[in-house]
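Novice: Each chain is listed here by its residues.
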Amino acid sequence: MSLQFVVDGLLAGSMIGLGAIGVTLTYSILRFSNFAHGDFMAWGAYATLAVVGAIGAMFGKIAPIAPLSFGWPLIAAVVIGMAITGLLALLLDMVLFARLRAKGQAIIVVMASFGASMALRSLLEFIFSSRPTYFSRAIQIAMPVGFGIRITPDQIALLLLTAVLVLSVHLLMTRTQTGRSMQALSQNAALARIVGIDVAKVVRVTWIVGGALACVAGVMIGILIQIRPFMGFDMLLPMFAAAILGGIGSVPGAVLGGLIIGLAEAGAVQLIGAEWRAAVSFIILMTVLFVRPIGLFGVRER
Amino acid sequence: MDLLGYGAFFLTTALIFSLVTLGLNLQWGLTGLFNVGLAGFVAIGAYTSALLTTPDDAARLGGFGLPILVGWFGAMLVGGIAAALTGIATLRLRSDYLAITTFGVAVVVQLVALNAQKLTGGPFGIGFIPRPFGGLAETPLLFNLSNLAVVSMVTLIVYLALEHLSRSPWGRVLKALREDERAAISLGKSARFYRVQAFAVGGAIMALAGALQAHFTGFIAPDNYLPALTFQVWVMLIVGGSGSNIGAVIGSILVWAIWAGSGALTSVLFSPEQQARAASLQIVAIGVMLCVILLVRPNGLFGDRPRRARFGKRAKEAPDESIAKS
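Those protein sequences? They're chains R and Z, same order as listed. For the first sequence, position 38 matches number 38 in this note's numbering, and the numbering has no gaps at all. For the second sequence, position 69 matches number 69 in this note's numbering, and the numbering has no gaps at all.
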């Protein structure tokens with residue numbers, strides 16, 4: 001067994017983990033599992049693609065930054081894409097989820113998110129067709145780094161980006177007033193209201209952070225694999241599994257869960273074949289539910 | 001004549017959908033269990049029955065050439081067991097975990113259908129599934145009408161059985177659990193046990209519907225059981241009104257009419273290369289419809305009385321209705 005699966009697993013795990021942060025935050029703060037989260041990824045990727053296209057139309061062809069496959073237009077586009085995806089999440093909350101939440105039935109919100117997911121994904125299919133597209137068709141040469149492992153410059157850059165993002169979300173959650181309000185709301189909503197936490201603001205921040213990270217994960221998939229309308233929906237099960245494995249509400253847990261699932265998937269691809277990849281997260285999910293339903297870093301619900 | 005034949009064919013399909021919806025209504029409408037992987041249970045039924053009844057095939061396991069009825073009962077049994085296992089794994093946890101797990105079940109069933117060639121025929125599916133009245137296939141009208149008769153019978157039996165169940169002490173426990181879990185438990189009812197039962201029976205009905213469908217088309221493939229199926233059935237239940245069996249049946253026929261009608265419309269209005277895109281617009285419209293109904297009229301056409309909100313927020317909205325019906 002070659003050690004290449006470590007790199008593949010870490011990359012897959014980064015994408016899953018970034019998505020799972022959003023899932024775990026929505027679940028713990030808004031108290032529902034959002035089936036539309038995968039589609040935020042796809043929307044983020046397509047939004048970024050559209051912005052890259054617009055920049056290309058305005059400034060002409062721009063050479064990529066030395067060893068990478070992309071240049072500054074993509075970097076600028078991701079930032080805009082993150083904002084767009086965050087706004088999309090906010091908009092969806094405003095017209096749909098918030099109103100249903102006000103009625104007080106959590107599981108109806110889950111169903112609505114399922115309907116929204118279907119609509120969002122099909123809308124992408126309608127606008128961009130279901131044919132896969134790419135940010136760049138250039139093929140990168142993978143550099144050997146020893147132990148039989150090869151890695152491309154893009155992959156290194158994206159792993160570093162993931163680390164930076166995860167660290168900043170962690171700092172946001174633990175070192176800022178907003179982050180502490182988010183934690184308070186997830187641990188005890190009633191008490192959080194009593195001490196005067198601005199719930200509406202916390203909800204907004206949750207959606208924006210979740211949407212922005214989903215966009216980055218979607219763009220990562222777009223750079224390393226391809227962009228297609230179903231890309232996010234296919235990530236849904238690994239993301240849920242990662243969030244539950246890590247413990248609902250825990251940002252480091254979601255990332256660690258994502259990495260574990262990514263590595264397990266990559267290992268399984270080498271051992272039993274790529275076609276069974278999607279079953280890995282289901283097996284992990286079931287194991288966690290039977291053995292330790294609160295996950296690695298979870299707290300028992302009150 | 002053609003129109004009558006098409007009408008029979010349309011109703012047959014709609015009634016098979018309504019069987020799935022009835023199963024979902026038992027799980028969600030009556031018991032409050034959220035199943036987002038029902039396509040997986042339908043697929044389990046279809047494949048089980050196909051394996052049991054098809055003639056021997058060297059390329060895969062089986063078939064066993066058994067009578068069609070054996071296939072249908074086998075489908076219900078396997079579908080019920082699969083649903084029971086899903087329930088046992090998750091029903092002691094928060095309701096969202098059941099949703100996520102059923103979603104996973106559908107993904108895994110889809111994977112098995114696609115990749116376990118020895119069992120399921122892989123992406124090409126299973127053909128030569130025996131059809132009841134296959135001998136009548138020469139005269140399409142008679143064939144369609146006899147199919148309709150069989151499906152109507154099965155639907156009627158399931159419908160009456162469910163009506164009876166929901167009025168029985170068993171059904172009342174389920175409703176009690178849905179409305180106020182703590183009160184029901186304090187009366188000595190095991191919430192988890194009853195819920196697993198309801199989930200298993202619902203899964204068995206879905207599997208039966210899958211088996212029926214397989215035997216009327218004579219051919220099944222993994223593509224028949226995509227998440228879009230789950231979504232369609234949910235819309236049918238919500239439109240009809242969850243909690244009501246008659247609503248489930250009528251909602252299914254209505255939504256299937258809208259679906260088939262708009263499908264026919266897009267095939268007339270759009271050129272062949274635009275059809276795939278038009279079809280996705282159709283799904284967008286139905287998805288928006290689901291969300292709008294949830295917002296505006298959460299009880300659908302024939303919905304059960306409003307559930308009591310956990311903290312009594314909605315109690316003041318419809319106090320009379322809940323007294324009148326209980």
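Just so you know, the hints here were simulated from the structure itself, not pulled from any lab data. Positions of the beta carbon are idealized from the N, C-alpha and C atoms, including for glycine. Treat the hints with care, as some may be off.
Partner residues aside, some chain R positions facing chain Z, computed with beta carbon under 7 Å [stated by the list, open to error]: (1) PHE59; (2) GLY60; (3) ALA119; (4) SER122; (5) LEU237; (6) LEU271; (7) ILE272; (8) GLU275; (9) LEU289.
Computed far set for chain Z versus chain R, every beta-carbon distance over 12 Å [to be verified]: (10) ASP96; (11) PRO132; (12) LEU290.
Covered by chain R, according to a simulated footprint, are these stretches of chain Z (three or more residues, beta-carbon under 8 Å) [stated by the list, open to error]: (13) 105-117; (14) 222-236; (15) 253-262.
Novice: Please verify that hint: R:LEU271, Cβ, nearest Cβ of chain Z, below 7 Å or not.
Specialist: The hint is violated - R:LEU271 has no Cβ within 7 Å of chain Z, the shortest such distance being about 15 Å.
Novice: With chain Z as the partner, please determine if R:GLY60 meets the hint condition of a C-beta pair closer than 7 Å.
Specialist: violated, 31 Å
Novice: So, R:GLU275 near chain Z? Judge it on the closest CB pair being under 7 Å.
Specialist: holds, 5 Å
Novice: Does the closest beta carbon of chain Z sit nearer than 7 Å to the beta carbon of R:ILE272?
Specialist: Since the shortest Cβ distance to chain Z is 10 Å, the answer is violated.
Novice: So, as I understand it, the hint says R:PHE59 touches chain Z; can you test that by seeing if any CB pair is closer than 7 Å?
Specialist: violated, 31 Å
Novice: Taking beta carbons only, do three or more residues of the region 253-262 of chain Z come closer than 8 Å to chain R?
Specialist: Result for this restraint: violated, n = 0.
Novice: So is Z:PRO132 really clear of chain R, every C-beta pair being over 12 Å apart?
Specialist: For Z:PRO132, whose nearest Cβ neighbour in chain R is about 34 Å away, the distance exceeds 12 Å, so it holds.
Novice: Check, residue by residue, whether the region 222-236 of chain Z contains three or more positions whose beta-carbon lies closer than 8 Å to a beta-carbon of chain R, and give the verdict.
Specialist: Since 5 is at least three, the answer is holds.
Novice: Less than 7 Å between beta-carbons is the criterion; does R:SER122 satisfy it with respect to chain Z?
Specialist: Cβ of R:SER122 sits 4 Å from chain Z, so the hint holds.
Novice: Does R:LEU237 meet its interface restraint, that is, does its C-beta lie within less than 7 Å of any C-beta in chain Z?
Specialist: holds, 5 Å
Novice: Does R:ALA119 pass the interface check with chain Z, least Cβ-Cβ distance below 7 Å?
Specialist: Hint on R:ALA119: holds, closest Cβ of chain Z at ~3 Å, below 7 Å.
Novice: Do at least three Cβ atoms from the region 105-117 of chain Z come closer than 8 Å to Cβ atoms of chain R?
Specialist: holds (count 6)
The structure fails hints 1, 2, 6, 7, 10, 12, 15 (numbered hints given earlier, in ascending order).
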